[in-house]
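Peer 1: Since each chain comes alone in its own frame, lean on the hints to assemble the complex.
Here is how the chains run, residue by residue.
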Amino acid sequence: TQLLEQSPQFLSIQEGENLTVYCNSSSVFSSLQWYRQEPGEGPVLLVTVVTGGEVKKLKRLTFQFGDARKDSSLHITAAQPGDTGLYLCAGAPGNQFYFGTGTSLTVIP
Amino acid sequence: GAVVSQHPSWVICKSGTSVKIECRSLDFQATTMFWYRQFPKQSLMLMATSNEGSKATYEQGVEKDKFLINHASLTLSTLTVTSAHPEDSSFYICSAPVETQYFGPGTRLLVL
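Residue numbers (my numbering), protein chains in the order written: chain A, 1 to 109; chain B, 1 to 112.
Bound conformation, chain B alone (with noise of 0.2 Å):
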């Protein structure tokens, strides 16, 4: 089957620097790829959705500014949170939907 994979597995850094996420689709093309933000005991809540050769679109409150998405190939998606603070911390996942959804590993985000 589709495989997504995400790098790093996990971070840790301090306040106010940048982590760039990578979602990559490795034996497909993915002109979409959705990212989520899942706290603790919570459900995935999809903050935007990645289109190859054009902008992302956001959802509601979330803040674009904050969260950058790219994604310049058919194969990578990127998510940089920008000046994080403690409160980003999150595990942050990305998938791809080719007839079905496939899911990244997932970046677990601590910040510092």
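Only chain A is shown next, with the shape it has when bound in the complex (with noise of 0.2 Å):
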């Protein structure tokens, strides 16, 4: 069992489409963090939520987090090709650091 899970786990779509990606945890977080991860590179850090039911927005991309701060969502608004990549939630519930399951995003042009 995954301590981050994520879904979905696969995501294609058209450019222009709008999406949604959830990050769910039974453990409560005192933050979680968005990366974004190109073939062959390091994850790229995209935004930290610490305050439950915070929201955060990256130009076209909308960050929550969960009143309860157990989970949190990524909600990108029209789509670009530019968008393709593994997106990657992660947190630490204590001394460890944990990365989400992991959704791959495909934008069709």
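A portion of the hints provided could be inaccurate.
[As the list claims (entries may be wrong)] Which stretches of chain B does chain A cover? Using the computed rule of at least three CB atoms under 8 Å from a CB of chain A, they are:
{"no.": "1", "region": "18-27"}
{"no.": "2", "region": "44-50"}
{"no.": "3", "region": "82-96"}
[Said to hold, decoys possible] Just the calculated beta-carbon pair ranges, DEER-fashion:
{"no.": "4", "chain 1": "B", "residue 1": "A2", "chain 2": "A", "residue 2": "N95", "range": "11 to 21 Å"}
{"no.": "5", "chain 1": "A", "residue 1": "E17", "chain 2": "B", "residue 2": "G16", "range": "47 to 57 Å"}
{"no.": "6", "chain 1": "A", "residue 1": "T77", "chain 2": "B", "residue 2": "L68", "range": "25 to 35 Å"}
{"no.": "7", "chain 1": "A", "residue 1": "V44", "chain 2": "B", "residue 2": "L68", "range": "23 to 33 Å"}
{"no.": "8", "chain 1": "A", "residue 1": "E17", "chain 2": "B", "residue 2": "N51", "range": "41 to 51 Å"}
{"no.": "9", "chain 1": "A", "residue 1": "V50", "chain 2": "B", "residue 2": "K14", "range": "19 to 29 Å"}
{"no.": "10", "chain 1": "A", "residue 1": "V50", "chain 2": "B", "residue 2": "P86", "range": "19 to 29 Å"}
Note that these hints are calculated values from the structure, not bench results. This one's a predicted model, so the numbers in the text were calculated from it and none came from an experiment. Each residue gets a CB set at the ideal place from its N, CA and C atoms; glycine is no exception.
Peer 2: Now the structure itself:
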């Protein structure tokens, strides 16, 4: 059982469509982070959410932290081919830092 | 910002040999480093937590005798894959927590 479960695992959409990625856990996190990773490279931090219920926006990306700080979501508006990549949520319930199961997004031109 | 380097960036080796991967914090000290393994189209799986001056903490299911971790200084942690086999072929990446996580560029290992 993974500490952080993401859904969907794979997502293929047309350019211009909207999408939402979910990150769920049974554990409470003081903060959660979202990363985007390109093949063969390290993950790049997109955002950190800290407060329960918090909503952060990064251009066309909207991140939300659940009220109970056990889950988070990433919403992309009007997806573009450049959004293609592996999206990962991550957090540290204790001293270790864990990644979610990942969502591989493909945006078709 | 903080920089973490890894060496080598890629390595090809024969089955049965051992491979050492270095993770260095270039402009800061790291008492803790994390080692991850990633298979194609999958997420990063935490293998172990490297602790400077003490034994590493391994995640469940990770063989500590196969994946040797040494954190001998505040700027260097090494991961040695002993008696590597083709199933060990993967992308290995380290990170160091300094307020946030700083990741190395990763090491791609191919075992023939």
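Peer 1: Would you mind marking each hint as holding or not holding in the structure?
Peer 2: Going through the hints against the structure:
Here the region 18-27 of chain B counts 0 residues with a CB under 8 Å from a CB of chain A, which misses the bar of 3, and the coverage is violated. Residues of the region 44-50 of chain B with a Cβ under 8 Å from some Cβ of chain A number 4, which satisfies the need for three, so the listed coverage holds. With 3 residues carrying a beta carbon less than 8 Å from a beta carbon of chain A, the region 82-96 of chain B meets the three-residue requirement, and the given coverage holds. For the pair A2/B and N95/A, the supplied restraint of 11 to 21 Å holds, since their beta-carbon distance comes to about 19 Å.
Between E17/A and G16/B the CB atoms are about 49 Å apart, so this pair conforms to the stated range of 47 to 57 Å. The hinted range of 25 to 35 Å is not satisfied by T77/A and L68/B, whose Cβ atoms lie roughly 47 Å apart. Distance hint for V44/A and L68/B: a CB-CB separation of about 29 Å, consistent with the stated range 23 to 33 Å. At about 45 Å, the CB distance of E17/A to N51/B agrees with the hint of 41 to 51 Å.
The given range of 19 to 29 Å is broken by V50/A and K14/B, whose C-beta atoms sit roughly 48 Å from each other. Range check, V50/A to P86/B: Cβ separation about 42 Å, and the 19 to 29 Å hint is violated.
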